[in-house]
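> This is what each chain is made of:
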Amino acid sequence: MSTQDDKAEAVSGEAVESCKTCKDDGSGGVVFLFFIIGLMISLVFGWVVFPKILYSGKKQPFDFNHVVHNEVVDDGCESCHFFRDDGTYAGVPKLAQCVDCHEEVQGETEDEAIFVRDYVSKNREVPWLIYSKQPDCVFFSHVAHVKTAGMDCVTCHGDIGESTSLKVYEKNIITGYSRDIWGKNMIGLKKNTYDRMKMDDCAECHVKEGVKQSSVQTKKGACFVCHK
Amino acid sequence: MKKEHKHVKSNKKYGMVIDLDKCTGCGACMVSCMAENNVPFKADESNKLDSITWMRVYKLTNDKPYPDTEICYLPRPCQHCEGQHEGHSPCVSVCPATATDYSMETGIVSQIYTRCFGCRYCMAACPYHARYFNWWDPVWPEGMEESLNPDVSVRMRGIVEKCSFCFHRYQRAMEKAHFEDRHELEENEYQTACTQACPSGAITFGDLNNESHAVYKLKKNPNAFRLLERLGTNPKIYYVSSREWVRLAGDNYRPDEKMTAKHKPAKHAPAKQH
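Listed in order, the protein sequences are those of chains A and G.
Quick note: the first sequence uses this note's numbering, first residue 243, plus one each step.
Quick note: the second sequence uses this note's numbering, first residue 698, plus one each step.
Next comes chain A alone, as it looks inside the complex (with noise of 0.2 Å):
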């Protein structure tokens, strides 16, 4: 035991003989520098790299250009992402609905060829990554906010059928979902009402718009409205 002691004592004796040294060389400022510097490279692989590396990039099978197709249809978003009978949302279309048109090349993009030559002739569905894609235990109701509550695609969605082509599904290496699930923004400011889509912006909405809040232990909106 009291070796160690005296080891100790000595360490520390050095470590303030030698702290005393640096004050006498002036190299306060170097210490400074290097505090600077370190803590730039923290907070550019924070803020830069980290999200690079948590963010794979993934292409959609092949591009798509949603002002073409918005030129042709009559109803507008609800004429390919419609409800079903049953109140249902379909969601993105299935190759049945393209195939009416697109059974033959039509234009002259190199996607729309890959469309018909990969998916249309044999008849295979095109594996969408969808952006908005929820997690298993979360229960959203398109047809409640869309008909009920009159709200419009641009709300959550932005202004995605004013896009010619497809942007990059960041895919959240961790969590496995979409980055537009988290939002863009690394310290989560929102500009728009489309930015993210987690639980806070839902539960936020429902408030302002005076959806019941019914829980008996947070007096907020029910756990069974948006869950399942």
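Have a look at the derived ranges for each label pair, beta carbon to beta carbon: (1) G:P847 - A:L337: 18 to 28 Å; (2) G:R854 - A:G430: 27 to 37 Å; (3) A:D327 - G:P896: 28 to 38 Å; (4) A:Q348 - G:R854: 46 to 56 Å; (5) A:Q348 - G:F830: 50 to 60 Å; (6) A:F277 - G:P847: 52 to 62 Å; (7) A:D317 - G:E883: 21 to 31 Å; (8) G:E843 - A:F292: 34 to 44 Å.
Derived from the structure by calculation, the hints contain no laboratory data.
Only a predicted model underlies this, so the values are computations on that prediction, with no experimental measurement involved.
By construction, the Cβ of each residue, glycine as well, lies at the ideal position given by its N, Cα and C atoms.
Given chain A, work out where chain G should sit, using these hints.
Using the frame of chain A, we list chain G on its own:
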């Protein structure tokens, strides 16, 4: 852009009336419940202490020798207790994670699996043993995961689960209602799996607050009782039995104990409605 929310939804109180005189103990409710709600099972289910059955059929006996022996089967889902004041059910009041909650809108006690961290306070608090703990991750026989119900999320190891009154069916029914521009459900639009599976029609499900629903009248049957009513849990499952010993067994009366006025059929009054 926005339509005004003019409709004022009245609070519902979903509940069940189970006629024990009609129950044959066949177990169809248990089977349908497990299939509907993706309830996991193991290769060996002989140990009932660690098997999961949201709906369980109990066998009661009157403990009398032959020829007076009688038995009664009693299906027991989650009782969705309302407690002494609205939503003060035993499990909800002890949950430290807000994983279980009571909705004033439907009167259903919810369980959010992703929120539960498995402390099992709720299991200790529940006097009905209606809550079950997942000791293992679910393993489905090969190919069976294809037949899982997509409307019900599967649970993982280390969390508690229980009957939800097939709430996903309410969500689906509401979707249809929204599509048809309605804000209220018909009685037959939202029914639990066990109710529909019962071959003898012993289970009736509906809104206990709604006079037009069958349960509203059935629960006023003088032979109606609830399990362990003396605890004050105020459950939403009513049982009906014409046999006195069954009604007594429902409240754990000891043989030497006298019935309270409440349990005498003539003076029986159903609990006050809020």
